[in-house]
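Enquirer: As given, the protein sequences belong to chains A and B, one line each in that order. Residues 1 to 101, numbered by the working numbering, are exactly what the first sequence covers, in order. Residues 1 to 143, numbered by the working numbering, are exactly what the second sequence covers, in order.
These are computed hints drawn from the structure, not numbers from a lab. Do not rely on the hints blindly, as some may be mistaken.
Cut-off 30 Å, straight-line C-alpha distance, at most; resulting in silico cross-link-like pairs (DSS-like, lysine-lysine) [stated by the list, open to error]:
#1 A:K57 / B:K83
#2 A:K87 / B:K117
#3 B:K4 / A:K57
#4 A:K48 / B:K4
#5 A:K57 / A:K87
#6 B:K83 / A:K48
#7 A:K48 / A:K87
#8 A:K87 / B:K4
#9 B:K4 / B:K83
The structure presented is a predicted model; accordingly, all values stated were derived computationally and were not measured.
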Amino acid sequence: MPSVQPLRFSSTESDVESEVAVITERPWNVIVWNDPVTPMTVVVVIFKRIFGYSNNKCTDLMLTVHHEGRAVVWSGQRERAESYCVKLQVAGLQATVERDA
Amino acid sequence: MPGKLFARRRDGRIEVRLNDAGRGAIREVFAHVLAAERDPEHEWHLSLNAPINPSSDDDDPLASLTRQNEIASNAELSIMTLKEQYLNDTEAWAWLSTLQVALRSTAVVNGLLSDEKLETCAPELLDDIRTMQQFLFELAACF
């Protein structure tokens, strides 16, 4: 009789240790920069499409970009940050990644 | 009051209500983006290849290639669907992305990096920018 694989793995001590190690690393931020030509509604639509954030969160981020010149729109692992940055650039926004200070 | 240029229908498709002149203007924009992605000498080429990680000497080549392919792919899909009366979601997203890439490239190559610069630019250039903004504004309202 074939053995049944568990659907959910229980946490082990090593899992917890590696999780702590990841958390203590400085994250990478995806930054979106302001420009004088992009319509505000377009920025909101792009954030919604790429990140799936709520309308309110997208509007808040767009306003931060507009008023402060830039906003951190996502933070986390470097590869994902670069992937999101590329998606934003493909959608025509000025975006970069930088390590959290 | 003029009618909408784009309208989301009940079946989810987006209706394009542009006349021939409007489609002609958009065709020119899409063609510029595709040419810029393929031709390193094109004036927009650098703006399409902005740094991903400015603190690094070189960006990951895979990320740069992905960006290049996706921008070109969006522009190609946009050109292929230029005559369509109805766009599906993917096609409309390609239009929006390609228009936005063109708008930002126009601003970058003309040094329009502030509101003051934008307000004092040549009238013909400002007309082009306002036209692209209008297309984008109305298309974004469908998402």
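Enquirer: What's the verdict on A:K48 and B:K4, does the C-alpha distance respect the 30 Å limit or exceed it?
Expert: holds, 23 Å
Enquirer: Do the alpha carbons of A:K87 and B:K117 lie within 30 Å of each other, as the hint requires?
Expert: Satisfied, since the Cα-Cα distance of roughly 28 Å is no more than 30 Å.
Enquirer: Holds or violated: B:K4 with B:K83, Cα cutoff 30 Å?
Expert: Given pair B:K4, B:K83 holds - Cα atoms ~17 Å apart, limit 30 Å.
Enquirer: With a cut-off of 30 Å on the C-alpha distance, tell me whether B:K4 and A:K57 pass.
Expert: holds, 27 Å
Enquirer: Quick one, are B:K83 and A:K48 close enough, alpha carbons at most 30 Å?
Expert: OK: B:K83 and A:K48 at ~28 Å, within 30 Å.
Enquirer: Are the Cα positions of A:K57 and A:K87 separated by 30 Å at most?
Expert: Measuring from Cα to Cα gives roughly 19 Å; hence the hint holds.
Enquirer: Taking only the CA atoms, is the gap from A:K48 to A:K87 under or equal to 30 Å?
Expert: OK: A:K48 and A:K87 at ~12 Å, within 30 Å.
Enquirer: Is A:K57 within 30 Å of B:K83, Cα to Cα?
Expert: Since the Cα atoms of A:K57 and B:K83 sit roughly 36 Å apart, the hinted pair is violated (cutoff 30 Å).
Enquirer: Need the status of pair A:K87, B:K4: alpha-carbon distance at most 30 Å?
Expert: holds, 28 Å
Of the numbered hints listed earlier, the single one contradicted by the structure is hint 1.
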